Amino acid sequence: MNAIPTQEVAGHCLQAFTQLVPASQAAFYCVDRHLQARDFQLHCMSGEMHRDYLDNYRQFDPLQPRNCLSSGLVVVPLGLAMARQPTRDSRRYRDFLQRYGVVDVVEILAHSAGQPQAAISLLRTAEQGAFTTDQLVQLNALQSLLQLAVANMQLCEDPLIGLTPKERQIALLLRQGASNKQLARELNVGLPTIKTHLINLFRKTGVASRTELVGTLFL
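Under our numbering, residues 64 to 282 are what the sequence shown spells out, in order.
Hint data in this document are derived by calculation from the structure and do not stem from the laboratory. Owing to the predicted nature of the structure, the values given are computational and were not obtained by experimental measurement. Glycine included, each C-beta is placed from N, C-alpha and C at the ideal position. Please note: incorrect hints may appear among the correct ones.
Said to hold, decoys possible - Below, a list of computed lysine-lysine pairs in the DSS-like style, where the Cα atoms sit at most 27 Å apart:
#1 Lys-244 with Lys-258
#2 Lys-267 with Lys-229
#3 Lys-229 with Lys-244
#4 Lys-229 with Lys-258
#5 Lys-267 with Lys-244
To be verified - The calculated label-pair distances, taken between Cβ atoms and stated as ranges, are:
#6 Arg-151 with Val-200: 30 to 36 Å
#7 Arg-154 with Ala-176: 31 to 37 Å
#8 Ile-67 with Lys-244: 40 to 46 Å
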């Protein structure tokens, strides 16, 4: 059987899940080997909200793939995930959701060899209310369909293929917002060396800035 393009799998899965279990917004994404979400496909979610999440709140998200994996569940409700992280982080993430009128989130994951490979986030507004116990049961049943769809999906390519180990390290630190001084301290090298690495990174990826680099590799 030929592999199905990721975008096609994402579109069908988002349509099916949001029709069967209503949600105001949703996102499908791949999970890389570092347990980072990437290659997002959005459904009824504004670009502003998504950028705000990536730039300012992803680190506080209790439903990140790493956290979901440690829960041992394939359908992870927001409340359960928040109870597993520091209260301060949960409060900051709740503030982010409230800013966009979201009252509840649930994550549905598909695994391969024991690792998350892709997932769907379903978000609900106050008008829809929180996900009910029956809906969570329904999502657990639907997860097998997501699992099957992802099993036939073209594997998401590693965005860092072709980079040297040092360049990969720098790219991952840039995604976290590291400055040149922080990069130099982390790699134990001088600022001129960091600038040389950045020039090489920009050349390899065909970008002209740090922001473009992060967008090209991870978004």
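If any of the earlier hints don't hold here, list their numbers in rising order. No hint contradicted; all consistent.
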